[in-house]
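**Q** Let the hints inform the model, and build the full structure from the sequences given.
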Amino acid sequence: MARPLHVPRVNNNDDSVRIVALGVQEGEFVKSGQVIGAVETDKAVLDVPVESEGYVLKILRHPGETAAVGSVLLWLGDAAGEPAPDEASAVEGAASPRLRPTAKALAMLRDLGLEASGIPSAGDRLTVGDIEAWLAKRPPRAAIDAASAAGPAERAPDIEGELLELAPEERAMLATVAWHRDQAAAGYVEIEYDPAPWNEFAARYAADNRLLLSPLLALLAFRLVELARATPRINATIVGDRRYQYREVNLGFTVQAGATLYLAVVRKAHEMDAARFIDALGEIQRHAVAHKLGPGESSGATTSFSSMSRWGVARHVPIVPPHTSLIVAHAAQRGSAHAVLGASYDHRLLTGFDAVGVLQALARPPG
Numbered sequence: 490m491a492r493p494l495h496v497p498r499v500n501n502n503d504d505s506v507r508i509v510a511l512g513v514q515e516g517e518f519v520k521s522g523q524v525i526g527a528v529e530t531d532k533a534v535l536d537v538p539v540e541s542e543g544y545v546l547k548i549l550r551h552p553g554e555t556a557a558v559g560s561v562l563l564w565l566g567d568a569a570g571e572p573a574p575d576e577a578s579a580v581e582g583a584a585s586p587r588l589r590p591t592a593k594a595l596a597m598l599r600d601l602g603l604e605a606s607g608i609p610s611a612g613d614r615l616t617v618g619d620i621e622a623w624l625a626k627r628p629p630r631a632a633i634d635a636a637s638a639a640g641p642a643e644r645a646p647d648i649e650g651e652l653l654e655l656a657p658e659e660r661a662m663l664a665t666v667a668w669h670r671d672q673a674a675a676g677y678v679e680i681e682y683d684p685a686p687w688n689e690f691a692a693r694y695a696a697d698n699r700l701l702l703s704p705l706l707a708l709l710a711f712r713l714v715e716l717a718r719a720t721p722r723i724n725a726t727i728v729g730d731r732r733y734q735y736r737e738v739n740l741g742f743t744v745q746a747g748a749t750l751y752l753a754v755v756r757k758a759h760e761m762d763a764a765r766f767i768d769a770l771g772e773i774q775r776h777a778v779a780h781k782l783g784p785g786e787s788s789g790a791t792t793s794f795s796s797m798s799r800w801g802v803a804r805h806v807p808i809v810p811p812h813t814s815l816i817v818a819h820a821a822q823r824g825s826a827h828a829v830l831g832a833s834y835d836h837r838l839l840t841g842f843d844a845v846g847v848l849q850a851l852a853r854p855p856g
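Per the numbering used here, residue 490 is the first one in the sequence shown, and the count goes up by one each step.
Mixed in with the good hints there might be a few duds.
EDC-like, lysine to aspartate or glutamate: derived pairs with alpha carbons at most 16 Å apart [claimed, not checked]:
hint, residue 1, residue 2
1, K781, E658
2, K781, D762
3, K593, E554
4, K757, D730
5, K757, E772
6, K547, E517
7, K520, E540
8, K593, E621
9, K593, D613
10, K547, D567
11, K520, D536
12, K757, D768
13, K520, D567
14, K520, E554
15, K757, E715
16, K547, E515
Source of the hints: derived by calculation from the structure; they are not laboratory data.
**A** Given below as structure tokens:
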């Protein structure tokens with residue numbers, strides 16, 4: 490039976506989005522949860538995951554097109570040769586903006602700042618169960634974006650100039666900074682530590698695994714993954730007045746590629762050992778340097794690591810990426826007997842004590 494994959498909502502105030510990527514073809518088999526593309530508005534970019542496995546029967550929207558939220562992006566089926574519904578049927582499958590919610594659903598929508606438009610219903614009325622199912626399939630961006638609208642438009646400067654469109658990576662940075670400004674209660678702590686034990690550990694690891702380059706930063710980042718797995722509260726965010734606990738650890742790692750700063754993401758890092766993580770991180774770094782990061786490699790971080798030791802920086806204070814509670818900052822000056830680990834954190838979730846505990850654990854190599 491043919492099943493629709495609908496165009497998702499990125500921001501609650503936008504009723505249409507632009508298709509920026511679509512990485513599947515008709516006849517291709519896709520797995521449940523597989524990211525097959527991305528959509529964007531002028532405020533944010535959102536990955537599009539497949540909700541159930543199947544074969545791509547018919548693609549109705551293509552990169553570069555603008556599509557209505559709730560319309561059908563593509564049709565999936567159980568067999569490659571299964572016929573797909575026509576365009577009229579596709580429109581019927583879209584969520585109706587006139588859907589009437591139940592009293593409890595209406596109260597929930599008000600609490601979350603959401604609208605019924607774009608949320609599919611299993612029956613004639615939109616229920617709390619429908620909303621919870623919709624949020625579960627799009628965690629946690631759908632709930633958070635409703636409260637993350639940018640502030641009032643800034644007044645143009647008095648000095649003569651012109652308004653220019655931002656590049657996609659610049660828009661992403663703007664969205665990140667706006668979230669940090671409007672949502673997170675930002676805090677920062679740092680400690681000095683002796684880098685010698687970590688340098689020795691990384692050198693032994695490189696020799697044992699015949700690596701040409703030092704894996705120091707990758708091993709530090711992997712240690713953060715282990716700490717996030719052992720201490721779940723550092724791998725979470727806030728949705729409304731509750732903690733949203735991630736089930737997986739997606740490690741964000743900053744990569745400077747020329748003039749562009751990326752937050753590259755190693756997804757499901759908690760399922761990897763050190764060797765596999767180093768390989769995965771190296772591949773994503775190469776994609777970033779070539780400016781060829783895929784949608785799934787540049788979004789979805791649940792905790793993050795950043796280093797400016799390459800430039801001999803003594804300290805830096807990164808901003809907390811959207812929908813995370815922690816980013817660790819590493820800095821080391823050449824020839825110094827001391828290095829610095831810092832942490833920017835969302836004080837709504839973590840205290841300074843929590844953040845310092847992470848840094849103290851991270852300052853010691855495993856074993």
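**Q** Holds or violated: are the alpha carbons of K520 and D567 at most 16 Å from each other?
**A** 12 Å, holds
**Q** Under the criterion that the straight-line Cα-Cα distance not exceed 16 Å, is the pair K547, E517 satisfied?
**A** 10 Å, holds
**Q** Next pair to validate is K757 with D730; report whether the Cα-Cα distance is within 16 Å.
**A** Cα-Cα ~26 Å, so violated.
**Q** Keeping to a limit of 16 Å between CA atoms, is the pair of K547 and E515 held or broken?
**A** Roughly 6 Å between the alpha carbons, so the hint for K547 and E515 holds.
**Q** Between K781 and E658, is the straight-line Cα distance small enough, at 16 Å or below?
**A** 12 Å, holds
**Q** Given the hint that K547 pairs with D567, test it: the Cα-Cα distance must not exceed 16 Å.
**A** At roughly 13 Å apart (the allowed maximum being 16 Å), D567 and K547 satisfy the hint.
**Q** Are the Cα positions of K520 and D536 separated by 16 Å at most?
**A** Cα-Cα ~15 Å, so holds.
**Q** Regarding the pair K757 and D768, is the alpha-carbon distance no greater than 16 Å?
**A** Status holds; Cα separation ~14 Å.
**Q** Below or equal to 16 Å on CA atoms is what counts here, so check K593 against D613.
**A** 15 Å, holds
**Q** Is K757 within 16 Å of E715, Cα to Cα?
**A** 12 Å, holds
**Q** Would you mind confirming whether the straight-line C-alpha gap from K593 to E554 stays at or under 16 Å?
**A** Cα-Cα ~36 Å, so violated.
**Q** Can the restraint linking K757 and E772 be considered satisfied, given a maximum Cα separation of 16 Å?
**A** 15 Å, holds
The structure fails hints 2, 3, 4, 14 (numbered hints given earlier, in ascending order).
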